[in-house]
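Student: Sequence:
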Amino acid sequence: MSAGQGDASGLRTVQGREVVWRMKMASDRSTGSVKWFNAEKGFGFIQQDAGGPDVFVHFTSIRAEGFRSLDEGQRVEFDVVQGQKGPQAEDVAVI
Numbered sequence: 027m028s029a030g031q032g033d034a035s036g037l038r039t040v041q042g043r044e045v046v047w048r049m050k051m052a053s054d055r056s057t058g059s060v061k062w063f064n065a066e067k068g069f070g071f072i073q074q075d076a077g078g079p080d081v082f083v084h085f086t087s088i089r090a091e092g093f094r095s096l097d098e099g100q101r102v103e104f105d106v107v108q109g110q111k112g113p114q115a116e117d118v119a120v121i
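Counting the sequence shown from 1 gives a position; the numbering used here is that position plus 26.
Hints listed in this document are in silico derivations from the structure and should not be mistaken for laboratory results. Among the clues, some could well be false.
What follows is a list of derived Cβ distance ranges for each label pair [as the list claims (entries may be wrong)]:
hint : residue 1 : residue 2 : range
1    : GLU91     : GLY112    : 24 to 30 Å
2    : GLY92     : ASP54     : 25 to 31 Å
3    : LYS67     : GLU116    : 16 to 22 Å
In this text, a Cβ means the ideal position worked out from N, Cα and C, and glycines have one as well.
Based on the provided sequences and hints, a complete structural model is requested.
Tutor: This is the structure:
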């Protein structure tokens, strides 16, 4: 398999490494409200609509051009992944 190609198992080779990938449907994404976000430090937390623990969000995970920040109470859609210290938001979009 050449670099960047996938197979039916859901594995894809990227720069010589196999990584797991999958397409997510919009219904697979979580929604919630920004609990707080510190723009100077570049991180904060999202309260999930479905309940459960608050989700850590880093500015690098926000879909935006230029300066990426979130406002308290702002509605967002995101994917939840397991980070080093707990649930973490990825591919965060304002809704």
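Student: Confirm or reject each hint.
Tutor: Hints and how they fare:
Restraint check, GLU91 to GLY112: a C-beta distance of roughly 29 Å satisfies the suggested window 24 to 30 Å. Roughly 28 Å separates the CB atoms of GLY92 and ASP54, a value that falls within the hinted 25 to 31 Å. Look at LYS67 against GLU116: about 18 Å separates their beta carbons, and that is inside 16 to 22 Å.
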